[in-house]
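Residue-level listing of the chains:
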Amino acid sequence: MSERDTKLKSVIDMALSVLPHEIGCDDCFDYFAAYADHLTNGAAMPEPLRLVGEHLERCACCMEELQLLLEAMKTQNKVSR
Amino acid sequence: MKPGAQRGRSWPRVFRGGLIVRIQREGSWQTITNPPKYRTDEDWVSDLSAVGFRGDEALTELRRILVTGLARAFHQFPADSAMVQDSAQEALLLIISRVETYRGDSRFVTWALSIVTRVALSEMRRARWKDVSLDEMSEAGRIPPPASEASPANISYERSRLIEVVRNAIEDNLTPKQRDAIQAELGGAPPDEIAKRLGTNRNALYKLTYDGRVRLKQAILRAGWSEDHVRSVLSGT
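Residue numbers (this note's numbering), protein chains in the order written: chain A, 1 to 81; chain B, 1001 to 1237.
One chain only, chain B, in its complex shape:
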């Protein structure tokens, strides 16, 4: 039963000061006075392309949506309010410049939120990794040899062999760029930052690591290991 229905009244309600609606937010119903204008996806494209009050009003509303969405999405990160505001502003400029590329295969607001979350996350990753070099990223992802200080002494013979096969595959079968990219990823570095240091973009980096993954798989299989055997040794941790 919708709220209000039990009292024989329907929503939304009009009163002298404007309009009252009931909204559902996280499972509970709340009352809002004078809610923002409802826009279809086509309205968003048309309003954001308009000049004057109509365009300004749409921009203000979209900015509010971006800031609210970001604040919610990043609430568990130590993101400050300035980061949220800056990212919303940067995303707003991107959205305006790309509004004609919106294809309509998603809700407009979802499309806009996808842009602002990418902008904010990229900024956060950039700040977190700004002082880390590619060498350091790559080193962080290196797999130590079986007999090392970092490894327990009682690992199985099979597991030791698998480690050596994978280490050799990485050393002998990858190009230096593929090795750096894959090890940096293993070390937890984000693709945006790896791509920057390799002087490429994220899509080209994906292609680079894809080719590396193919080479690694071939090398493991060539060494006489079946996929099932690798999985069974891995699961014996």
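Bound-form chain A, shown alone:
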């Protein structure tokens, strides 16, 4: 795909994926840690966290932050008892 086609697809995705109610990056960040915990635990997402998921599908920068957070969380050990 040429650079122009990549931009064309990106801008069309941006336009056509618009939802009536979306949250912004800061609102997303407020629930970021809870979202990451739910994701790693495999727990069902309550409503505010579903909005975080929708934002992440539309914001590459927040998605990059989430990937890095999930990687950082892998350093947290499980202590056996």
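Rather than coming from a laboratory, the hints here were simulated on the basis of the structure.
For every residue, glycine included, the Cβ atom is placed at its ideal position computed from N, Cα and C.
Keep in mind that a hint or two might mislead.
Said to hold, decoys possible - A partial selection of chain B residues facing chain A, derived with a Cβ cut-off under 7 Å: (1) Asp-1105; (2) Ser-1106; (3) Arg-1107; (4) Thr-1110; (5) Leu-1113; (6) Ser-1114; (7) Leu-1186; (8) Arg-1202; (9) Asn-1203; (10) Leu-1216; (11) Lys-1217; (12) Glu-1227; (13) Leu-1234.
Take the given structure of chain A and dock chain B to it, following the hints.
Positioned in the frame of chain A, the structure of chain B alone reads:
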């Protein structure tokens, strides 16, 4: 079966020099002597708010967690050790100042790691984009016309029309700020840096681009293109 169980012994074990525990790290078990104190989320808030040894000990442990997490998260980036240390320190100050705002809807350590990864990533993006102006960011995201040096000569008529519709929608329907913000994003610029150059913050930038996206969608539909038609032309690359 837990490690140690096969030998009829349980973990953790106490010995003269302290405590030995077994930890699972990336699928394998390792032995650690005198591990850090286990803290609940409430312990973290209370210990970090304490003065004296208790507070210092919690700060030291949290700093270790932040540095270890950052080093792992950024291992594929050319991040130097100083960036990791500086970001951990900056995040630590933020966490201390905001500890009372921790709501408890996540693990405390996850909350702290979310702050340090944002601090480090923002710093990395700032360094990478510090010499790039808004005009340059915006220019990098401009979509070239169908007949240009950058485009192959054999693109379909439908695709050429779609390119023109989108280019016109961007030129005619967006405010200059919306156009700059959306094109800068298309050019790969991070929102923190676009927001700074527009004299706004990341949330307000999101609102600005949201309104722009709505206008673009309306303009594309007004030009007679259905969503399905746009998708089918796009997928014919």
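Check the structure against each numbered hint from earlier and tell me which ones fail, lowest number first.
none
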